[in-house]
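Please construct the entire structure, taking both the sequences and the accompanying hints into account.
The chain contents come next:
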Amino acid sequence: MITAELIIPILAATVQSGTPILYATLGEMLTERSGVLNLGVEGMMIFGAFGAFLFTYFTGNPWVGLFMAGIFAGVLGLLHGLVCQVFQGNQVVSGLALTILGVGLADFLGTPYVGVATTGFTPFEFPVLSSIPVIGGIFFKHDALVYLSYTLPLIFWFFMNRTRWGLAMAAAGEHPAACSAAGLNPVLMRWAGVFFGGFLVGLGGAYLSLAYTHLWTNNMTGGRGWIAVALVIFAFWRPGRAVFGAYLFGGIMAFQMRLQALGATLPSSLLLMLPYALTIIVLLFSSARGKGRAAPAALGVNIEPGE
Amino acid sequence: MRKLFGVLALVALVAMLGIGTVHAAEKQMKVGFVYVSPIGDAGYSFAHDLGRQAIAKMDGIETSYVESVPEGADAERVIMNMARKNFDIIFTTSYGYMDPTLKVAQKFPNITFMHCSGYKTAPNMSAYFGRIYQARYLAGMVAGKMTKSNILGYAAAFPIPEVIRGINAFTLGARSVNPNVKVHVVWTKTWYDPATEKEAAKSLLDVGADVITQHQDSPAAQEAAQERGVYSIGYNSDMSAFAPKSHLTSAVWNWVPFYTTVVEKVRKGEWKSDHYWWGISEGVVDLSPYSELVPQDVRALVDARKAEIKEGKYKVFTGPIKDQSGKERIAAGNVAPDDMLLGMTWFVEGVVGSNE
Amino acid sequence: MLGFRIAKRQEPLQWGSFFIFFAALALSLGISCLLLAIQGKPFMRALLLLWEGAFAHGYSLEDTALKSIPIFLCSLGVAVCFRMQVWNIGAEGQYALGAVGATWAVLTFPDAPAWALMPLMFAAAAALGAAWAAIPAFLRLKFELNEIISTLMFNYIGMLLLEYYVYGDWKDPASFGFPMTVMFPDTAIIGSMFGRIHWGAAVCAVVAVMLSVFLKRTRLGFELMAGGENPRAARYARMPYNFLVMLVMVLCGALAGWAGLIETSATLNRLQPNVMVGYGYTAIVVAWLARLRITSIAVFSILLAGLRVGVENLQLELQVPAAFAGIMQGLLLITVLAGQFFNWYEIKRVSGMEGEVDTPGNSGNAGNAGNASNTGNTGDARNAVNGGQE
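Chain order of the listed sequences is A, B and C. For the first sequence, the working numbering gives the first residue as 19, with consecutive numbering after it. For the second sequence, the working numbering gives the first residue as 8, with consecutive numbering after it. For the third sequence, the working numbering gives the first residue as 390, with consecutive numbering after it.
A few of these clues could be false.
What the hints assert, rightly or not - In silico SDA-like pairs for lysine to any residue, Cα to Cα no more than 25 Å straight-line:
#, chain 1, residue 1, chain 2, residue 2
1, B, K196, A, F254
2, B, K114, C, E441
3, B, K155, A, P285
4, B, K196, C, A712
Unchecked claim - Some but not every residue of chain B turned toward chain C, in silico, with C-beta under 10 Å:
#, residue
5, Y72
6, V76
7, M89
8, P166
9, I328
10, D330
I should point out that these hints are in silico values taken from the structure, not numbers from a laboratory. Just so you know, even glycine gets a beta-carbon here, dropped at the ideal spot from N, CA and C.
Structure representation (structure tokens):
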């Protein structure tokens, strides 16, 4: 039933569908590598999607919207940082509260904008590369944000492993005391982690309202933020596997729809369960294997004042 | 001369009394609306709200609304609140409000309740809906004529009768002009989720559909069709602004005539509980204006059929009609009764997909 | 830096929680009013309407009370889990499964008399809800699978499962194809106890008492209260840590399941997808605000139920979006979290020379069974991520 000519469109749809998840996963990964667990990804993502839509609507420029999405989500990240780093709040609960707040804010502020369309990013064929058989069709006929997302894992890896700031951030996540001893400020590193991590999550949200569609609604993210949180664990906190995970999920979401389009008679309720069930299965596999690749040692533990 | 004056004076007096009586009958009424989604959605609730805005302009009518009310227990409270605040007429515009509306109606016998897309009534509660399937049929004819691949895509929301009925009507219309057409259905289980709905449309496009239509409220499916350079047909309101290069027409609602009639009936004391199901003839449903993409001959064909439906000469669900498995459901020459339409859960021949 | 130093208290404040909550409430209301002002709504009137809608009239109180019943039950369960630092956010899914279980009982034995059907419904709801919680618990214990993710995914799956049945086999043939079951027979409907308040309120009272007795008077309960403090210590206690984790999850699943049953039976009288209104998520907020103090849970349940009910008044009168309630809840939680800082730390002035470093001992911890560790410094969040114990 899945004919050959359907494979390339499914894979192309996989890339598109996985892109917002990839942004969000890398963003949360950055935050967690610096030692902060931020469960507010879903709230930050939708708030970012709203910010992107709002500013694009008023300025007509999607790049402005994109940037503001990052800022909106980054600000929520800073709020989380405030509660956890300054007020020593429990990171798990603070993140949950952030989700509730972010979702509520986006809904509240965004109600007047439901049903409106704006400009956004539109797909275009990447020069030269899009004519490569097969690969061209899958990867190079998308919009600018997708192309941008291709560079992110590399940038992430390079930053965390080859730059001073990145290594400092990783140190803040592994062993804050050692970090201070080396003369770097782990608290500052974590502030950077929540902000820039949040920024990336916001970009993922922006993708939904500026590129994937040019519309906005209050439940656009549909659980993608939570899937991103799970994927960070699945990816063992390394960017490479994050790509694989994000596209896997994008693929499942795209796949179940195409099954329906082909006329499959499975009840849609069951098909819709696939992404969520898969999240658990995927995590089971990573738990079973991941003894050597654990979380950053100081993840979730607040740095006490005076430490 | 004096006689003429006398007559004129008499006429003036009667006229003034007449005007006076008309004004006296114009009593203040509060009319409330309960919506299931935001009114800005250019969709279902938006269409209802246009109706509300029209009656708000009537003399002595004051309206209010609550949007995005979840169906279930919360709805009951919202309706109850309105009832306590002495609204005279309350319109509840989604099927999930049926039981809550009935419960409140039983407690407030002096208030008129109008419930949309359900089937329960009470002495002070009516059920109403619109025969949007007639517009769907006509849209199907347009699609059937415009398609080259003979595959039509339908992004559908929830497997409930009104959606299934629409799909069936669309299919019947398409196949009446093009018997080789197949309509593929993808369920999104959403009323307004652009990302999911766009993905559904893309899936349909991937399997070869070249005309996309939808039963959700967001124009995402239209966007998808435009991006691929194929045709699209909208729903609820004219969606041409969202996809000018692909939009052919839309199946639209127009609640103004119905709401106006209800308000006037209540005002005059003539209202009684009933099932209302108005269609093209009464002006409640229609096709939005054709875009330039639709050629003249197609327009003429569809308009002719529309006139027939309008005059009651043609009924959409006239047999022989078989279901997906080939079993005949409506015999040749028979017209499906309203009850069967209201409870329709099976697909007609030509629809590809699951009905749940 | 600025002449201040943050020092950890030797003993956490006892009365602090009360004061902190009110300060947090004030701050949350203030920020919410700011948001309303941004949207051009009159915020003073909004606050009055909020109050009026929730508590001012007899029927408002009834509405609020009715809404607080399912929130209360879910919150009890979630609070018990949080006490053990088991981050169960799956109350929503467990609620759904409870509703499914109860419906199964009704549809399978429609002619059973009430004295048999009701208990069966309660049993089925508890069983399915508990099972739905037990699976993530098992996955955590055996595979170290993060329960935050698994319970959340189970929420989505649980809701879809409910939809599957209601759109499919359980659909009422007379409902014109709409996704709902038949109306429950009278034997399956939880009747009214007092006015509009149904017997679900009595269930709440009974559960509250039993839970209280369990936690304070049984050894198992005692270890549960202490177990979350220090998993290592719990290992040496009578009950193994794993058993306690499973116990709290199962308990929460059963309670949330009962909430689902009550709403389906008493409020809707049939099963429909819109039985899901988000009580499971509200329960998380209540559980954190109230900790495992049962009276506090009751108070906060009523408060948050009142918030939801009051917001509907705002919707009707001022066209304020319903999301306002979500914002208030989020803000409340965040401000309380931030405020609890002052329970554990104090700000001391530094005069002249740098003062000596305060001993950052956790000494105040052990004696406060009623005031759970709330700083998360024991690595609980990291445990949450890894899903395992130390």
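Inset, instruction - List, from low to high, the hint numbers that the structure doesn't satisfy. - result: 1, 3, 9, 10
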